[in-house]
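**Student:** Make a model of the complete structure from these sequences and hints.
4 protein chains.
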Amino acid sequence: MIKAGIIGATGYTGAELVRMLSAHPDVELTVITSRQYEGSPISDVYPSLSGRCELVCEAFDLETFCDRVDIAFTALPHKIPMDIVPGLLKGGVRVVDLSADFRFRNVADYEAWYQPHTASELSEKAVYGLCELYRDQIRDARVVGNPGCYPTTILLALVPLLKAGIIRAEGIISDSKSGVSGAGRGLSLGSHFCEANESFKAYKVDGHRHRPEIEEVLSAAHGDAVEITFIPHLIPATRGMLSTIYCTLVEGKTEDDARKVLAETYGASPFVRLREKGRVPDILHVQHTNFCDIGLASDARGGRLVVMSAIDNLLKGASGQAVQNMNIMAGLDERAGLL
Amino acid sequence: MIKAGIIGATGYTGAELVRMLSAHPDVELTVITSRQYEGSPISDVYPSLSGRCELVCEAFDLETFCDRVDIAFTALPHKIPMDIVPGLLKGGVRVVDLSADFRFRNVADYEAWYQPHTASELSEKAVYGLCELYRDQIRDARVVGNPGCYPTTILLALVPLLKAGIIRAEGIISDSKSGVSGAGRGLSLGSHFCEANESFKAYKVDGHRHRPEIEEVLSAAHGDAVEITFIPHLIPATRGMLSTIYCTLVEGKTEDDARKVLAETYGASPFVRLREKGRVPDILHVQHTNFCDIGLASDARGGRLVVMSAIDNLLKGASGQAVQNMNIMAGLDERAGLL
Amino acid sequence: MIKAGIIGATGYTGAELVRMLSAHPDVELTVITSRQYEGSPISDVYPSLSGRCELVCEAFDLETFCDRVDIAFTALPHKIPMDIVPGLLKGGVRVVDLSADFRFRNVADYEAWYQPHTASELSEKAVYGLCELYRDQIRDARVVGNPGCYPTTILLALVPLLKAGIIRAEGIISDSKSGVSGAGRGLSLGSHFCEANESFKAYKVDGHRHRPEIEEVLSAAHGDAVEITFIPHLIPATRGMLSTIYCTLVEGKTEDDARKVLAETYGASPFVRLREKGRVPDILHVQHTNFCDIGLASDARGGRLVVMSAIDNLLKGASGQAVQNMNIMAGLDERAGLL
Amino acid sequence: MIKAGIIGATGYTGAELVRMLSAHPDVELTVITSRQYEGSPISDVYPSLSGRCELVCEAFDLETFCDRVDIAFTALPHKIPMDIVPGLLKGGVRVVDLSADFRFRNVADYEAWYQPHTASELSEKAVYGLCELYRDQIRDARVVGNPGCYPTTILLALVPLLKAGIIRAEGIISDSKSGVSGAGRGLSLGSHFCEANESFKAYKVDGHRHRPEIEEVLSAAHGDAVEITFIPHLIPATRGMLSTIYCTLVEGKTEDDARKVLAETYGASPFVRLREKGRVPDILHVQHTNFCDIGLASDARGGRLVVMSAIDNLLKGASGQAVQNMNIMAGLDERAGLL
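Residue numbers (the numbering used here), protein chains in the order written: chain A, 1 to 339; chain B, 1 to 339; chain C, 1 to 339; chain D, 1 to 339.
Since the hints were made in silico from the structure, they are not lab data. Treat the hints with caution; some may be incorrect.
Treat identical chains as interchangeable: a pair holds within one or across any two.
What the hints assert, rightly or not - Under the rule of at most 25 Å between Cα atoms (straight-line distance), these lysine-lysine pairs were calculated in the DSS-like manner: (1) 253 to 204; (2) 253 to 3; (3) 260 to 204; (4) 277 to 204; (5) 204 to 79; (6) 125 to 277.
**Tutor:** Right, dumping it as structure tokens:
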């Protein structure tokens, strides 16, 4: 049994981790921490967890934490993990970090969009936890930077197509849509039921910090700088994320070529489902699952390829992928505890 | 043209007042005030109002307010109106108050559930603004205490039946349900989209302060103390309220008798719609309207009468009824600006 | 491994069974049937199931079905199971029937609300599959009549209280609310998104056929006829069901007594969670789970006890409880495949 | 008073027309017709209309209809209007047609996407009822082809920018999203609450017939053929539509230039609201109104302009614009009955 601990267990992604790890056949969840809810049973904070997890939230204490844990999930606001993770590693604990702190190999990008990085060497050596594309590196990683939700939808869809020369690197547009849980459990007018219900709108149209994360990985895949247009929107639903991505086919390439490349890339990956021609991904089909559904359409007239990619933002877009990363790191069946 | 002002224009009920009064054929909306948004155009706070109202939120100043206004709507948290309303009256302004401060004739009830009343004499002389049942007193009122939303659903349904001796005063239960906007625009975990969406639950099961308001009016109608059981619930919808009320028929009385009494009571009231036998009220049918829909069912076995009553909590349950009160006070067609 | 088959796999309850049984550690799902979708992979009908179940819907053929199955789930419209189940039993297959056909010991009640029963002897010998209350009989049952969703909420809450003499048998009212999936996948104006969204209303106010099912079990528990008032409503949510039940406390009994009885009754039952004093059940907390959450409140003035009971109507109210029944019948851990 | 009639009053757009025309200060609604609901009061079909309109649905009879009506609204499935409208014109009735039958000047486009046109001469002479852009022609039109909902969002946003040379005609992409009411009141699995709620997906990705309508008008504005990529999606909300449109700025042009052109174009148009820099349109702000809100963003790196355009699909996207067209045709204040 792998001993797992969660630092920051009371946000939405933390609670999903508690739920999954409590029921995971190969894991013993030994510690959960929370600053805000120290001393409270997690089932008081999330009544849905009662009867499933009897743990009480603790304050984080590095030493006792490391004694009880083989692998740590840090589900904390950006900036806190870079302070904590070095200590965890020294304590012999491997880490899946759900913040942005270890997602960037090029720390300058991180610093341009977030803040100065105090553990930049570690970040440069961390592995980007997009399971299907970095599986080999994840296996031996000490620190995995779990990808952002939007990047997960876009990168799973585009990296194979770019690498195979199916689509052009120029002019990519992602019109992306997220359920409200993507904004977390904190209070804000935008998350007020009466403002989000029956609403639909774009947000952060002047720049969302998932864009540099996407561009770093696309650029690496392409071997040259890739710039995209990325506009996120808010869906009046709790969970789910869909990116509708507009690309230009390389001269002579077709939707069928794209389909073939994706089928080959993901043939052995249990959590990527390629939709048949004429079928489209729907967030309804991936909610409460770790799947990423990808569909394709094309417009014969303009050489345009449209790639649609759907996930549950809290699972494949966060905690589900984190568990999948743990499974890979621990040599377990990638699907363990996730189906 | 009647000159109207709104004190506290930036909550949900205030914004509904702005919308209706701006389009009202007999009203000029001259002043809106807001502590929080002083200096902001109301259309910045509520973009839906842009192109409809060009007013800028002001700080409240009694003297200049009274100079520009014939009738004031106070859409403020409980406790503030009792401080402000006496001054408005002295300034020659009539008032429709949307808080609880002037709903109670028996100030002791108010004080038991809210706080000490600093204008109790005024409260005892104010008129309860349930338009269909207090129309005559409202006409000449200086201060109208606009009813709570739950009380509106329950009292419109029950007062005529109690008075006519159709139902017994004992054992009345109201299982009531409200859209989330009833909790206002303030931030709380309960109003967070992800907590309210796909949710349904009771709240304040140990006592909601609309109960004494309901009981005071029912008791007056009955001529003796009436006690009810009242359990409110939250609907995962923005607007709308339904009370399902369980009563006992007086021996020998029937659903048809109840229907006849309600039909007679509300025959000349444009905003109460009695549903035919076999039809039920639905919040969908009253949303964005000032109507109250009432339906009836009965269970032959137990002498049980079930009365269902639906409104839009922000309109007939608050701002719509406030405008209806103003129409009555000003001698206008009761429907003006409301259809 | 238990070999399981589903007859009628393409309704909402059938699809939930496919999902759970495909992932169940002790079950091999060997056959799924569908009249409408014969020949289609289930993942074409429910894309959410792709990557989880590769079965193709078959036409139902008694002989080949019985050869491949130890236990059958019949997820069919009322009336069809009574034709099919006798053959299954002869073929050596045990049955969990999700329709109403085997829920009634008193077949006359069934016939008054449904239709003539063509396998009435079998119905009289079937076991009512309310797991927590009929566990011992379920263990050896050949046919289990899986309870209706509303009855599950009401009976789990009331049977122990009635038996223990905490509440009176007279005057019980259940104001119940269900998510839209309770109406099934068939098309009707009432299930149209634009009619159900932002809507809330009662339905079947003149009599819902879950009432006789509830009354039969309550009467058996009480040892004398019990009649209730039962008004169902529709929640604008996909899943979840809450009953708010109004009872009269027996003289001298209290909310605490009720709490103690329920705690004792369900102490060893993993799927009933008693909420602490002051906490209420929320359908949000039971969605996508097999839990039933029960909460209590009381109104000191009237000797009134309010019992609230929440489930996921498709799981504890249908397919989850069906799997729980199978676990009990097969001697497995009651929780297997359900957490 | 203008006498108005509605042919096909019981769909969602018909019902909105009934609601608005009943309350319109300059209109008498004299006839409503419905094949399906002949003989029923409209308030039986839409209980929300009770107390607002007492009309009974009639069968359509050309002669008696023309006697009682100055202007007709045809809210019928495509293909029926082209049979009926010629007779209405002969009967001296002016027509606002809400179907696609009279939207195309180039009938070949219509025939490629719909069916053979049996009144093609009439279609070529009809006026496209996009009020803000065709106001002068609408004034004297005998037949107005009321625009599709998606075209309304896209054309109001793009036509002025194209004409003024701000954006290039190549490579335009509209990622559009509609509430479920856009699919009408007919029953289909896609409109089932449980399939549309908490769902988000693209549809008709291989070609939606609003595309040729959009392209015809854009091409006319540009003076040369314009082709766009258009992908519609379904929002889990009843009403509202948002198009996020990706354009390329003409070399040297900026977001500010675009803003200025739109401000000038719509300065005198009461129903187009240009959002300030940094603000985005939200369907919540236009629901239940006839407004179209337009916002702009740009991505300095790529010369990309993003134009966002939001309407209520049933109002500015259908019935509201139809009333606005009638107002223009009748020489009324454009806003009459619409604020």
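**Student:** Hints first: check each against the structure and report whether it holds.
**Tutor:** Verification of the hints:
1. 253 to 204: Classified as between: cross-chain Cα gap 22 Å, same-chain 34 Å, threshold 25 Å.
2. 253 to 3: Classified as neither; 48 Å inside a copy, 47 Å across copies.
3. 260 to 204: between (35 Å within a copy, 22 Å between copies)
4. 277 to 204: between (33 Å within a copy, 12 Å between copies)
5. 204 to 79: within (21 Å within a copy, 39 Å between copies)
6. 125 to 277: neither (40 Å within a copy, 41 Å between copies)
The structure fails hints 2, 6 (numbered hints given earlier, in ascending order).
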